[in-house]
Amino acid sequence: MFRGIRLVPDTTTIDFIGKRMIAMALSGLLILACLVSLVTQGLNFGIDFAGGLLIEARTEQQADLSDMRQRLNALGLGDVAITGIGDTGRDVMIRVPKQPGEEEAQMAALNAVKAELGTGVEFRRTEVVGPKVGEELVRDGALAVGLAILVISAYIWIRFEWQFGVGALVATIHDVIATLGIYSLFQIDFDLTTVAALLTIAGYSINDTVVNYDRVRENLRRYKTTTLADLINISLNQVLSRTILTSGTTLVAVLAILFFGGPVLRGFAIGLTWGIVIGTFSSIYVAMPLLLYTGVRRESEEDPFTEGEQQQPDAGGKAKG
Amino acid sequence: MLYFAKWKIGLILAVVLAGIVFALPTALPRSVTADLPEWLQPVTLGLDLQGGSYLLLEVETDAVIEEQLTNTVETIRSSFRENRIRYRDLGVRAGAVEVRVPEAEDRAKADELLRGIDPEGQTVDAADDGLYRVTFTEQALQQRRINAVTQSIEIVRRRVDETGTREPTIQRQGDQRIIVELPGLDDPERVKELIGRTAKLTLHMVDHEADIQDALRGRVPPGSTLVQSNEQTAGGQSIPYVVKRRVEVSGDRLTDAQPSFQNGQPVVSFRFDSAGARQFGNATTENVGRQLAIVLDDRVISAPRINEPIIGGSGIITGNFTVQEAQDLALLLRAGALPAPLTVLEERTVGPGLGADSIEAGAIASVLGLVLVVVFMGVAYGLFGLFANISLLTNLVILLGALSGLGATLTLPGIAGIVLTLGMAVDANVLIYERIREEIAAGRTIQNAIEVGYRQAFSAIFDSNITTLAAAALLFSFGTGPVKGFAVTLGLGILTSMFTAIMVNRLIVVTWLRRARPKTLPI
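Residue numbers (the working numbering), protein chains in the order written: chain V, -4 to 316; chain U, -18 to 504.
Warning: the hint list may mix true and false statements.
[Unchecked claim] Below, simulated SDA-like cross-link-like pairs (lysine to any residue); rule was C-alpha separation at most 25 Å, straight line:
| no. | chain 1 | residue 1 | chain 2 | residue 2 |
| --- | --- | --- | --- | --- |
| 1 | V | Lys93 | U | Arg158 |
| 2 | V | Lys127 | U | Glu174 |
| 3 | V | Lys93 | U | Gln154 |
| 4 | V | Lys127 | U | Ser458 |
| 5 | V | Lys93 | U | Ile160 |
| 6 | U | Lys500 | V | Gly(-1) |
| 7 | U | Lys181 | V | Ala103 |
| 8 | V | Lys127 | U | Ala44 |
| 9 | V | Lys127 | U | Gln152 |
| 10 | V | Lys109 | U | Asp338 |
| 11 | V | Lys93 | V | Gly262 |
| 12 | V | Lys127 | U | Asp156 |
| 13 | V | Lys127 | U | Glu47 |
| 14 | V | Lys219 | U | Arg436 |
Honestly, the hints are just simulated from the structure, not real lab data.
Construct the entire structure; sequences and hints are all you get.
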């Protein structure tokens, strides 16, 4: 019978809370940089939101990008961006900005590009989004992310107490801004799948936060005299092994998508990878210290799922009380 | 807690079995699944994986309203003339029909006539100076819009069916939009072309008295109109026609249209219903020697000379068609005209090549993700990691089964959702195992530690999964297409992983505990 390798020692006594100032300063700087970038550079909206055309084409021979650039830019469709993708040198991604005018103008542009490239080209993907739909998608996306944050925080508030709800709310907003900021800083294409990534990050980050909070809630009942700062430290150390294992498994899964999921999913996977890192960080350093400042009450309401605990002989826990 | 009731074990095994049964078709080759019943088919692939086109169309319902207002103008014109009511300024202005009746003695009759046109759907406002405004009620407008969209969906469906596309999806979205999904279509251009055309066919007499040069300068005789044609001069310019406004026969009287040949030229032969045949017969009898203009969507296709009366109700449309054009025109005429123009708001097409590549990439990412997670768990928890891995695989099977069984669509982001779920699914087991380790360390017995571990971890598992589920639900309601597919796999994955981590995994652990009776826990 074999047992697992302890990736994290059974008992750790890392002083998370003691280093919170450094962490919070780092986090503050990051958020500031993200906000500045968001305000000054904005997001690099893909065609889902900005409208316009996206064409992925495969040529018969090696694609001559500069020739293609010249020909397509001569069509008078504005700034046509052409990039080679994949490693065969035959695949190109063509982006045509939103055409002035209504929906018909976009379709006309698509036909113009297709006609210019001719018959020797395989059109592997074409997407045309008119101005009307683009605006609606922006609105729906923003609404979905906003609602998700609110619903999640409200749930935490109901299941825990308002201080936890506030902590979860701030931590989630922190993660959403930090992720938006990365997309803005590096001008990564921001499209519909990115919104999906944002919501998933919000869900994942909360998942992590909830596990930490759940332990704090339990310890609040168990250690009546410990200071809140010590109690948070005890809780974080208790769940540390789980935090590392779960972020580890999720991260390897997401990295598999990032490196092998193909170009369509790359932007999405970048967001998720970053989100898992930042979500884990915020669960420890944003959600937890906030409990110190909002002042959690010691007499928590009974949790329906742990009522049985009272009848059990309590071994007292391994951490010092 | 460590005791499993017989029925509970049965239920768990039944769910796992159902998962296997529903997931199985996805793993089998097409040749086998073709013979399986409809409820037992492989998971449906999204357009981004199997290739195909997604079109979002908007019905220009304003055009319908505009047309109805114009019709009302014509009705007012003829009824006022018939009743010798003097009027001025008749026309459509700001969404209403306006007409001025200057003579006070005409107004009572005018009022009566106006109110009689459509008493249900229109309201008539009269000003003291004799200005009448006829407007549609909000209800009538709404009804007409709904009708226009419903009719459009029907016509689009007929046209798509005529092209022979496999399993198209055509559905209404919102008030005036239509989603058309055409799987496996390599080049959507032709279908898009066919869907987008109004295909309104009317037959008019050419106005031989009118001078074409005058008409080009803007002097068109009343009752006639200038129409461009598909015929071209030697210099490549379109030849215009002056045709009478009066519609001799309209395309909705057609019962059939087929492509055929005449003197080696592709043509379209057609047949009218009995009323259409009578109108067509009358028109051709009274106008022998004149030209009959065949007008499609405000362009003259051709204007053949009537050599003799055509009584039988069938005829042919000539025009410089290619074979394809003749086929398409026949198709459009058979399927009927759209009540309003359609605009393509959004188009997404994925070729079959990219779809196949995406499936491959998705499969590689999934297998790799799974292997990495399995190794990770094995290293971290040893035997218990193996237990967790068995429940993880069970989770994958049940998730695939649920996707197939519920008829959900698997998209590329959906595959990403599955991979992500694999990573996150082990969280429940990690929580439980960590808890068991803690309880062991705290001095509990094996039995006791396992029991408490499962129970204590439950609230964290439950709360954390509910919140992710909420995010998935929002994504489902706001997302479209591929993103919706992601929401589905993420949401279902959370549910199935909770089931496997809590029920399946515990069943395995408890069974092992009974059989092996271990002195220490290898965790």
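Self-check item: Hint check, failures only
Solution: Structure breaks no hint.
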